[in-house]
Amino acid sequence: MPDLATALSGIAVSPGTGAGPVFCLAPPPALPAQDGPVDDLTAEASRAVAALEQVAADLERRAATATSTAADVLQAQALMARDPVLAESVAGRVLEGAGAPWAVDAALREQQAVFTDLGGYLGERAADLDDIRARAVAVLLGLAMPGVPSPGVPFVLVADDLAPADTAQLDRSQVRALVTARGGPTSHTAILARALGIPAVVCCRGILDLADGTSVLVDGTTGQVRQIREDEVAGAQAEADAARLAQAAVAGPGRTADGHPVKLLRNVGSVEDLAGTAGDESFEGVGLFRSEFLYLGRTSAPSAQEQEAAYVEMFEAMGGAKIVLRTLDAGADKPLPFLDMEAEDNPALGVRGLRVARRRPEVLADQLGAVARAAERTGADVWVMAPMVSTVEEAAAFAEQVHALGLPRAGVMVEVPAAALQAARILEVVDFLSIGTNDLSQYTLATDRMNGELADLLDPWQPALLQLLAMCAAAGREAGKSVSICGEAAADPLLAPVLVGMGITSLSMSAASLPAVRAAMATRTLESCENLARLALAARDATSARAAVAERSA
Amino acid sequence: MARREATIGSRVGLHARPAAIFVQASAAAGVPVKVGKPDGKLVDARSMLGVLALGARNGDTVVLEAEGDGAEAALDSLVALLQQDHDEPAAADA
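Protein sequence lines correspond, in order, to chains P and Y.
Just so you know, we're using this note's numbering here: the first sequence kicks off at -16 and counts up by one.
Just so you know, we're using this note's numbering here: the second sequence kicks off at 33 and counts up by one.
For reference, chain Y alone in the conformation it holds in the complex:
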């Protein structure tokens, strides 16, 4: 079992566009991936509804788990993805 932690890098959190990018990458990962809050239940990382319902905000830590061939590499790339900022520039964030 491979396991990683990631800090959400997108400013709006794991919502909307950042969530869509993550869910699509998880579906393409080649191994089943689960994601969740460190103290909560893990959900299927391909599930947009499950990922959104985590309500993970910018700066929150999430846990990723996967099993099988290529699980380590798949998780490394998903962690990198989560830690990037995928938001559009905010209109005014002062």
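Isolated chain P (complex conformation):
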């Protein structure tokens, strides 16, 4: 048992573990106490604006050598530093008598307060402005730019929050894990850590209290950060490295240690996402094909012929493997110009997904017609499902429409609690269910997916969500029909065995998440998965569910 006094916890955002001494991001420069008199106001204003431009140019230089995700983020930040309205505000402050560093500091703090007040996504961008401010002030004071420490040994990087400029050029061989005191699941730290494959925990209170050099073990799968002895670091890191290698070595179709098959499928959006799957013995098919790509940016619906050709191309690329196609998922919250949907006060609860067919039945009919013809031409194993189904009638009508076209497999997505509660009855009229856990959490916990402030409510380990998943899985077992999961929950290597233990038959996720889940399945028997499912379902909150499963899985 870890000593509770030395264990911290936050939100796990990038899986895997890493061990090493913590080092905190170099602190931002402090402004001198006195704002001295300025002789040449115009020259001082130019100096202030030039410092912002230097910061922008530096960010762009970093963008040029960064990975594509990081480059986008840095480019956006460079545009903030080069903002003409910001430059005016800074220059205006200098002309009113402030020295350049103070003018920059004040203008950016003001903007930061605006973003923080707006909250959500913009609240998280406040860290970008903080970073621009610190860099520009350092330039003006002739100090080194604040940034990532280089202690000369592999380490765990700790920060209040990380800005894109800090994370973009992290050296994977030196940084074993990231831990921040603030930030949410959509912060840069989270996005970039996942892109770089560095284990990360955000929103970890107390992490800044650790002195530089303190050894910790960071678990980016559970969110735990545990203090360890210095002589334990090498062993813990060797274990983490071995686990990563072992994951990469597990290949072939998904199955438990005792050979129970669990299909591990991919979420894809276009034929490009299938690159490299031909001949890959681990490729078992696609569990979620988002068909929106054909419709994006269109002012009129694609022709039947164009749709059919696109599906033929997609189905041929499958090489005989199963593909589950989700029909057009659009609505007031994901508008497509050609649908001409009017704005709604509450789009997440409005006309979206299958509900669009109430108004525009021809759009769904055309799509299903094209899918059926493409399936017939290619002989592909095509399953079709509708998004945003809430009732048995909706499911029955959809299945009837699909079957009438000669497509043998019709299913529905379970994203609405009503559908989960009716799973057994829905399975009487459809061939399979696929659970979209992200939307199902949003609707079950009444929490907007974009709201970082309420991220804990969207935790896939929430008991209410687990119960609904178990209900769907049990209904599937009873009916002898497939029930899969294609939301983020499926990609959590700790949760995946729990889902399989409930009776879930396949898991679908992005390609990057597959190795860890494949390895997690391969080390457990079906019986141990069932035990883990019982443990998780018995827990009264998300944290203890995860902790109980993690302890038993270790």
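No lab work stands behind these hints, which were simulated from the structure alone.
Each hint should be verified, as a subset may be incorrect.
Okay, the calculated bits of chain Y under chain P, using three or more residues with CB under 8 angstroms as the criterion [as the list claims (entries may be wrong)]: (1) 43 to 54; (2) 60 to 67; (3) 99 to 107.
Pair ranges (Cβ atoms, derived) [said to hold, decoys possible]: (4) GLY72/Y with GLU79/P: 24 to 34 angstroms; (5) THR50/P with VAL63/Y: 31 to 41 angstroms; (6) HIS243/P with PRO70/Y: 54 to 64 angstroms; (7) LYS73/Y with GLY189/P: 34 to 44 angstroms; (8) ALA292/P with GLN116/Y: 17 to 27 angstroms; (9) PRO70/Y with ALA429/P: 25 to 35 angstroms; (10) VAL63/Y with ALA447/P: 49 to 59 angstroms.
Each residue gets a CB set at the ideal place from its N, CA and C atoms; glycine is no exception.
Since the structure of chain P is provided, determine the placement of chain Y on it from the hints.
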């Protein structure tokens, strides 16, 4: 004065990459362009901070205004840009 309305096509809204693309295109438009919510104050479309602070989400309508030679054509191309989806494919959006 040329004026247009556009519906934000990017799934994350007018944020990050979509905002960067829009701000750069506005700076290159050749005429001063303003953008805002239909009921709110318009901001300089070259201002990344101003554009981000609009908080325009996927499906929201924004208003564009410009004056001068080429204003009509500049706005047409900016509207087309706003209505496209510039996001990276989401990791899991089910």
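Hints, one by one, checked against the model:
| no. | hint | verdict |
| --- | --- | --- |
| 1 | 43 to 54 | holds (count 8) |
| 2 | 60 to 67 | violated (count 0) |
| 3 | 99 to 107 | violated (count 0) |
| 4 | GLY72/Y with GLU79/P: 24 to 34 angstroms | holds (28 angstroms) |
| 5 | THR50/P with VAL63/Y: 31 to 41 angstroms | holds (36 angstroms) |
| 6 | HIS243/P with PRO70/Y: 54 to 64 angstroms | holds (56 angstroms) |
| 7 | LYS73/Y with GLY189/P: 34 to 44 angstroms | holds (42 angstroms) |
| 8 | ALA292/P with GLN116/Y: 17 to 27 angstroms | holds (22 angstroms) |
| 9 | PRO70/Y with ALA429/P: 25 to 35 angstroms | holds (28 angstroms) |
| 10 | VAL63/Y with ALA447/P: 49 to 59 angstroms | holds (53 angstroms) |
Against the hints set out earlier in the document, violations occur for numbers 2 and 3.
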